[in-house]
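K.L.:
In the order they appear, the protein sequences are chains A and B. Residue numbers for the first sequence follow the working numbering, beginning at 1 and rising by one. Residue numbers for the second sequence follow the working numbering, beginning at 1001 and rising by one.
Hint data in this document are derived by calculation from the structure and do not stem from the laboratory. Given the structure is predicted, the values throughout are model-derived calculations rather than measurements. Think of the CB as a built atom: it goes at the ideal place given N, C-alpha and C, for glycine as much as any other residue. Please note: incorrect hints may appear among the correct ones.
[Unchecked claim] Part of the chain B face toward chain A, derived, beta carbon under 7 Å:
(1) PRO1055
(2) GLY1057
(3) PRO1083
(4) VAL1092
(5) SER1103
(6) GLY1142
(7) GLY1143
[Said to hold, decoys possible] Stretch by stretch, here's where chain A covers chain B in the computed footprint (C-beta under 8 Å, at least three residues):
(8) 1129-1135
(9) 1229-1238
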Amino acid sequence: MKKPALTLAILLMLVALVLLLSVRYGSETLSFADLHRALQPADSHYFALVEYRLPRILLALLVGAALALSGVLVQGVIGNPLASPEILGVNHAAGLMSIGALMLFPGLSVMWLPLLAFIGALLAFALLRLAAGNSAPLRLALLGIALTALYASITDYLMLSHPLEINQALMWLTGSLWGRGWAFVYVALPWLLLLLPLSLLLCRPLDLLALGEEQATTLGINVRHAQQLILLLALALAAISVALCGPLSFIGLLAPHLTRRLVGGRHHWLIPGAMLIGALLLLLADLLARTLHPPLELPAGVLTAIIGAPYFFWLLMRTR
Amino acid sequence: MMPLILTGLSAGYTNKPVLQSLSLALPAGRITALLGPNGCGKSTLLRCCARLLTPQGGEVLLGNEDLASLSARQLGQRLALLPQQHLVPEGVSVQELVGYGRSPWLNLFGRMGTLDRQRVQAAMEQTQIAQLATQQVCKLSGGQRQRAFLAMALAQDTPLLLLDEPTTWLDINHQIELMALLRERQQQGRTVVAVLHDLNQASRYCDHLVLMSAGCVVASGTPEQVMTPALLQQVFAIKAEVHPDPVSGRPMCIVL
């Protein structure tokens, strides 16, 4: 068996293991016997397991994978392993949109936030395209960073000037899987089932883009088209993720980076590997979020940042 | 066999025209060297031949096809380029890199067939890197990398092969091997165009020389026609004598 294939197999087993732990542990610990019984609607644990725990676990799996894939795609186009979907401004625009709506309509139900976030993310993308035109990816990234700072500063201003209304929004802005039911899974699933296989068709253009734009051109790739398509896919994935769970930092940056060290730079290994690691990270973050301080729950977004930051410190120390 | 014909070609960068209505015919099935001092436009010319730079005017014909009319994939089936510098991807083996050369010939899913594998193996053997097949490209030396990228261009199996200063990173023995490889390609009926720095190397190993200066073609012809003291004086501002090389009989310049 090839080494990357072995790595993927191990990752798959780890994901299965963490899935199992996620199902068992939470504010209440369920034994395997409990689990079996809890699948019957009459059981006292039925609600906790089937209506509460299962959908959020599935969502963590899907969103973790989507964020990681989005990161692989953005890094492949920008040609920098430290790029991530966040630098395109999608997350912050989604946040700004949600905060703004909560300010304008104080009684707004939280159920509207995902839709608003999605619209915000799409607007950010449209604005980025409009401003950058058909320019090279590096310019796009710089522009994205500038717009991100703009969105963040407006968000901060709104939050400071309207301190009373922001509690809800603040919960959402840290990124969390709390209270995400089956409805969220049903929204996420068709999109991801469409976008994930599509990304596997982009393996070859992504591999060739890693050789530089010129070499990719002479190897028969329409570089501008490929870059646009890949970025569009990355943005769609990031927008869906941020709409469902709020901005979860670091997964889109960390998962592809870690995977590249494990399985190398070929995208037919990198893409599935990063998706597994992304899912693993978010499942772990959510598991910790639920079990560290029951019944109190931490936002998973805080935990992904806590896992993410030391990784980069470690990396920095190693590469000096 | 496909000649490369440039007519009225103007090209350059914003506010900085490099080539102005340049016309040139590069013979089919021959090795052509582009020569000239730094900044004379030879790399710009090569980039136009690879459609990496869109001409502001004029056209580039490969055989009887306008380069601008080809699809991205067709372009990859017509020409291969060995650039001067390479971006070396992490975690890619030599065999995989050489396999990338087959990309324009593969379908959407990118499965390689028997023929593709044979071409990859042959290209690695010709460039003597077959024993490095499973090594990571990013861990190779400069010369080995250059040969790996050359193997990729050979595996691409195109009628036109473009090379930008291909001998720069190579030891003398590998330089000679490279020129011999280009000769082998030429004998299979391919058109080869290379930017070269070493005048004597170009004269000895190439069929056709193009001497450029300040964005214009000063001379284009056989080594005997182009390697003359007067032209060398005009283009490089050097005083040189030209004598037949005692081994090959090709013109050889000796700077005074």
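K.L.:
Minimum Cβ distance from B:PRO1083 to chain A below 7 Å?
P.N.:
Hint holds; B:PRO1083 Cβ to chain A Cβ min 6 Å, cut 7 Å.
K.L.:
Should the interface hint for B:GLY1142 be scored as holding, given a Cβ-Cβ cut-off of 7 Å against chain A?
P.N.:
Violated: closest Cβ of chain A sits about 17 Å from B:GLY1142, beyond 7 Å.
K.L.:
With a cut-off of 8 Å between beta carbons, are at least three residues of the region 1229-1238 of chain B near chain A?
P.N.:
violated (count 0)
K.L.:
Interface hint check: B:SER1103, Cβ to nearest Cβ on chain A, cutoff 7 Å. Holds or violated?
P.N.:
Given a least distance of 5 Å, the restraint on B:SER1103 holds.
K.L.:
Under the criterion of a CB-CB separation shorter than 7 Å, is B:GLY1143 in contact with chain A as hinted?
P.N.:
violated (19 Å)
K.L.:
Three or more residues of the region 1129-1135 of chain B near chain A by CB distance under 8 Å?
P.N.:
Violated - the region 1129-1135 of chain B has 0 residues with a Cβ nearer than 8 Å to chain A, which falls short of three.
K.L.:
Does B:GLY1057 pass the interface check with chain A, least Cβ-Cβ distance below 7 Å?
P.N.:
With a closest approach of 21 Å, the B:GLY1057 hint is violated.
K.L.:
Quick check on B:VAL1092 please, does its C-beta sit within 7 Å of some C-beta on chain A?
P.N.:
holds (5 Å)
K.L.:
Go through the hint on B:PRO1055 and say holds or violated, using the shortest Cβ distance to chain A against 7 Å.
P.N.:
violated (15 Å)
Checked against the numbered hints given earlier, the structure breaks hints 1, 2, 6, 7, 8, 9 and satisfies all the rest.
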